[in-house]
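The sequence shown maps to residues 1 to 252 in UniProt numbering.
It should be emphasised that the hints constitute simulated quantities derived from the structure, not laboratory data.
Worth double-checking, as some hints may not be accurate.
Claimed, not checked - Derived pair list, reagent style DSSO-like, types lysine-lysine, alpha-carbon separation capped at 30 angstroms:
{"no.": "1", "residue 1": "12", "residue 2": "100"}
{"no.": "2", "residue 1": "219", "residue 2": "175"}
{"no.": "3", "residue 1": "190", "residue 2": "88"}
{"no.": "4", "residue 1": "88", "residue 2": "191"}
{"no.": "5", "residue 1": "190", "residue 2": "219"}
{"no.": "6", "residue 1": "195", "residue 2": "88"}
{"no.": "7", "residue 1": "219", "residue 2": "88"}
{"no.": "8", "residue 1": "191", "residue 2": "100"}
{"no.": "9", "residue 1": "219", "residue 2": "195"}
{"no.": "10", "residue 1": "100", "residue 2": "190"}
{"no.": "11", "residue 1": "183", "residue 2": "19"}
{"no.": "12", "residue 1": "219", "residue 2": "89"}
{"no.": "13", "residue 1": "19", "residue 2": "100"}
{"no.": "14", "residue 1": "12", "residue 2": "219"}
{"no.": "15", "residue 1": "219", "residue 2": "19"}
{"no.": "16", "residue 1": "195", "residue 2": "19"}
{"no.": "17", "residue 1": "12", "residue 2": "175"}
{"no.": "18", "residue 1": "100", "residue 2": "219"}
{"no.": "19", "residue 1": "18", "residue 2": "191"}
{"no.": "20", "residue 1": "88", "residue 2": "100"}
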Amino acid sequence: MNIGNAFTYFFKDNNWIKKLLIGGALLLPVEIGNVLNQTLQSVKSSPTAMQDMGLVIIAAFIFAITGVITSLFVTGYFAVNTNLRIYKKDAILPEWSNWKNLFLSGFKVFGGSFLYGVLYTILLLISFIILGGLTGALAGKNAAFLILTVLSVILFFITLLFASAATIAFLTNLKFSSFFNFKLISAIVKKNTVKYIIFLASSAVLYGLAGLLGFLLLKTIVLAIFIPFINMYICFVISEIMAQVVREKSQE
C-alpha cells in the first residue's frame with residue numbers, strides 16, 4: 001500500500017480546492033451546531049444567562065438537523081469517490097453533481113452503520129442479561145461491573161472491525177445488500193488481510209489526530225470554522241486508503 005499517495009493524489013485534480021471547499025461548506029452546519037452547543041454548556045451553570053439563550057438553543061437545534069442532512073451528501077461523495085478509485089487509480093475527484101445519487105449513497109452508508117450499531121446493542125443486551133445473572137451470583141458488584149465493561153469493549157471492537165469490512169464491501173459496488181453479503185465481506189478480509197490491518201491502523205491514527213486538532217480548534221471558537229475543511233481533507237485521504245485495500249495489484 002502507498003499511504004503517502006492518499007495525502008496527495010487529489011492534487012492532480014485542477015479543481016480539488018473547489019471540491020474540498022464545497023464539501024467543507026456542507027459540513028459547516030455541523031460545526032456551527034457544535035460551537036453553539038459548547039456555548040450553551042459554558043453558561044449552563046448560570047440560570048440567568050440560560051434565560052437569554054432561547055434563540056441559541058433553537059439555532060443549535062436547526063443547525064444540528066441541517067448538519068445531519070448535509071453530512072449525508074458528504075458521506076455519499078466519499079462513497080462515490082472511493083468506489084471510483086477502487087477501479088480507476090488515476091481518476092480525479094468526482095464532481096459535486098447528481099445530488100440525488102450522493103444523498104442516496106450517503107443514506108446507504110448511514111443505514112448500514114446504523115444497523116450494525118443496532119446489532120451491537122442487541123448483542124450487548126443479551127450478554128448483559130446472561131452474564132449479569134452469572135456474575136451477580138458468583139462475584140461482587142465490582143467484579144460483575146468489570147466483567148461486563150470488558151465484554152462491552154470487546155464486543156464494540158468486534159462489531160467495529162466487521163462493520164468496517166462491510167463498509168469496504170459496500171464501496172466495491174455501492175449496493176446496500178453488500179453490507180450484509182458475508183461471503184463478500186469474508187473474501188475481502190481473507191484476500192487483503194495485511195492491507196485491511198494497515199487501513200484500520202492508519203484510520204485510527206488519522207481520526208485520532210483529526211479529533212484532537214478539532215477539539216483544540218473548537219476551544220478557540222473562531223478557528224473552529226476550519227474543522228469542516230480539515231475533515232473533508234481527511235475524507236479524501238481515507239477514500240484512497242480504503243480503495244487500496246481492495247484495488248488489484250495490477251492497478252497499483
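Checked hints:
no.	hint	result
1	12 to 100	holds, 27 angstroms
2	219 to 175	violated, 40 angstroms
3	190 to 88	holds, 23 angstroms
4	88 to 191	holds, 20 angstroms
5	190 to 219	violated, 43 angstroms
6	195 to 88	holds, 18 angstroms
7	219 to 88	violated, 40 angstroms
8	191 to 100	violated, 34 angstroms
9	219 to 195	violated, 36 angstroms
10	100 to 190	violated, 34 angstroms
11	183 to 19	violated, 35 angstroms
12	219 to 89	violated, 38 angstroms
13	19 to 100	holds, 17 angstroms
14	12 to 219	violated, 34 angstroms
15	219 to 19	holds, 27 angstroms
16	195 to 19	holds, 28 angstroms
17	12 to 175	holds, 29 angstroms
18	100 to 219	violated, 35 angstroms
19	18 to 191	violated, 37 angstroms
20	88 to 100	holds, 23 angstroms
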